[in-house]
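Trainee: Could you put the whole structure together from the sequences, leaning on the hints where they help?
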Amino acid sequence: MSAAPATIIDKLWDGAVVCTEPDGPDLLYVDLHLVHEATSPQAFEGLRLSGHKVRRPDLTLAVEDHNVPTDSLTVSDALGREQLETLRRNCADHGIALFPHGHRRQGVVHVVGPELGLVQPGMTVVCGDSHTSTHGAFGALAFGVGTSDVEHVLATQTVAVQKPRTMLVEFTGTPADGVTAKDLMLALITRIGANGAHGHVVEYRGDAVRALSMESRMTMCNLSVEAGARAGLIAPDETTFAYLAGRPGSPAGPAGREAVAHWRTLASDPGAVFDRTVTVDVSGLTPWVTWGTNPGQAVPMAGTVPDPAAFTDPDERAAARRALDYMDLAPGTPMRDIAVDTVFIGSCTNGRLDDLRAAAEVLRGRRVHDGVRVLVVPGSMDVRVHAEREGLHDVFTAAGAEWRLPGCSMCLGMNSDRLPGSQRCASTSNRNYEGRQGPRARTHLVSPAVAAATAVAGRLALPADLPRGDQWNR
Amino acid sequence: MEPLRSHTGRCLPLRRTNVDTDQIIPSEHCRSVRRTGYADALFARWRTDPGFVFERPERSGATVLLAGAHFATGSSREHAVWALRDWGVAAVVAPSFGDIFRRNALKNGLLAVVLPERAVASLLERAEADPAFDVTLDLEECRVTAGGESWGFDIDARARRLLLAGHDDITATLTRQDAIARHERTRPHWRPALTPGWASVPAEPS
Ligand code: SF4
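Residue numbers (our numbering), protein chains in the order written: chain V, 1 to 474; chain L, 475 to 680.
There's no promise every hint is true.
The following label-pair restraints were derived from C-beta to C-beta distances [claimed, not checked]: (1) L:Arg533 with V:Asp177: 51 to 57 Å; (2) L:Gly525 with V:Ala339: 28 to 34 Å; (3) L:Ala639 with V:Arg440: 29 to 35 Å; (4) V:Gly271 with L:Thr645: 40 to 46 Å; (5) L:Ser534 with V:Gly102: 46 to 52 Å; (6) L:Cys616 with V:Pro254: 51 to 57 Å; (7) V:Arg440 with L:Thr645: 43 to 49 Å; (8) V:Glu402 with L:Ala595: 27 to 33 Å; (9) V:His103 with L:Thr610: 26 to 32 Å; (10) L:Pro670 with V:Ala464: 51 to 57 Å; (11) V:Asp325 with L:Ala639: 46 to 52 Å; (12) V:Asp328 with L:Thr522: 14 to 20 Å.
If you want the footprint, here are the derived chain L segments under chain V, 3+ residues with CB under 8 Å [stated by the list, open to error]: (13) 494–505; (14) 550–560; (15) 575–582; (16) 621–633.
For the record, the hints were derived by calculation from the structure and aren't laboratory data.
Ideal Cβ placement from N, Cα and C applies to all residues, glycine included.
Mentor: Here it is as structure tokens:
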């Protein structure tokens, strides 16, 4: 036994190494390969041209999410249909399980895998999608890859990567009520920058993290990539084991007990050294919102649009100027004065049942502001079914919001769920890039409850800002 | 793949930091199932500006993109690499890259080379002043040479080895089949697998 204390990142990495290449990178075994229609067609085409087989169809799961319409089960767009049909053909040819549009288990890839219990502590998970970091919530090593790597994983069930550096992010203190994992991460990313964790795998730790539900932990790890990290993860604990218990992919009986005993060893040893450590005190933290065009350009809701001149770093100053120009915002504007056209509640960041509950709680008995369009897009069909069982869909539709079918929707504006013109949107997704939600769209990232309050107020707002007058019928 | 040893070309100076992959190729252009045909989609939102470097006649035929820090961060879409390559870009030089993009680039023979801020700043200045200014990237020597200056660079060793030899990385990894099979035998038996029938998993797990 080696005496040196190891981080959980070292433990997961070592457990996944198949062999080390002579010139450095490790060949990591992939325990679960998630596939979707947008980044896989060219990979399957590559297999066809080279004659390689899919090594482990049984460790591969495909879903349709990026390109599916969320208003109907009919795909009217020709390109979208070709992409979906290509995935169906590829999965049939290679014996890969697929949850197509309309299936009871369909949804956004990063919502579907976990809810089936297919993501467990100690696993290596990859997907042709940058937000694969989501699955780190389970104490798994999970990262996004491109299409060439998708093909490589299909053919070999491995990926060749140089080990990234390790980083510990410790959230200390207790945040105020109504502060979510989204807010913790926006505060972190603003502090270290949208590339602040570049080249690192991050372990999140601290009482504020322990207190999070699995859904919120997924939100946290999901946003790791917005800090530039390769991956982010949280050591498994009782919350993790309780979430996994009874799910279709989870081991049960004696195998389950054996698994949990192993999972308990997956924690950083006392004294384990990280390449970098960041401590964020979240005492007194309030909900955050972005004002710019990357997730590191954010302030507390009580704040104002910053003056670019105040940034000391010349690159940040130039980026802030450009962002304010694109966002059509003047320095000094209170965030609460910014009016929105659209509110999007959904995505693999905030499209889970907990998120919809938080939004519904704010909307219950209230009406969406005149002229504001509100899309509520559940992260998966399972989320949709459970939300309907709780009557959340009635809350949303009674408030004047649209209750949609699951998919990536307006998170990336790939299908028809796109913002027209230079509309402004409060969005629970993860990227406020220029043109992300539509060619000239302007995006403000917020948590689900803040999105719902904004829908009612017609401008950026916290739930506590809403008049209590209309509560008589809540 | 053809072996790739070095590349020399004129420059496309793009003085901007944090150019994310959504800018390189907006999502609505990523719906094709093909690997080529993305040249027109490259920087689609910026190409409407006749002053944009990719629209300037004096830059036509240039192959080396010079960009600010954090080039191609964000989405994993390999379409960003295919679009650059389809337009005719052979190499990108920047102080830093998004991790996934850099992997994707090297896998497609697009040289993504990291140089220090100061080196990139000097190249940008010279290239902005002179459209005929050219840069040589030597993969054997791991060296960028331009206008009498020269800088070494680090690059993923495996990617470099495969590019120099013109080898395909799946074939290279398949020589490790024994090690892969050995690892498979040691995996915990309770790790999940999607055995046939999984797609019909009960709609209502109890
Ligand atoms: S919801 Fe958004 S971030 Fe998540 S997988 Fe879909 S497009 Fe990517």
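Trainee: Evaluate each hint against the coordinates.
Mentor: Evaluated hints:
no.	hint	result
1	L:Arg533 with V:Asp177: 51 to 57 Å	55 Å, holds
2	L:Gly525 with V:Ala339: 28 to 34 Å	32 Å, holds
3	L:Ala639 with V:Arg440: 29 to 35 Å	46 Å, violated
4	V:Gly271 with L:Thr645: 40 to 46 Å	43 Å, holds
5	L:Ser534 with V:Gly102: 46 to 52 Å	47 Å, holds
6	L:Cys616 with V:Pro254: 51 to 57 Å	54 Å, holds
7	V:Arg440 with L:Thr645: 43 to 49 Å	45 Å, holds
8	V:Glu402 with L:Ala595: 27 to 33 Å	49 Å, violated
9	V:His103 with L:Thr610: 26 to 32 Å	53 Å, violated
10	L:Pro670 with V:Ala464: 51 to 57 Å	52 Å, holds
11	V:Asp325 with L:Ala639: 46 to 52 Å	47 Å, holds
12	V:Asp328 with L:Thr522: 14 to 20 Å	18 Å, holds
13	494–505	holds (count 8)
14	550–560	holds (count 4)
15	575–582	holds (count 5)
16	621–633	holds (count 3)
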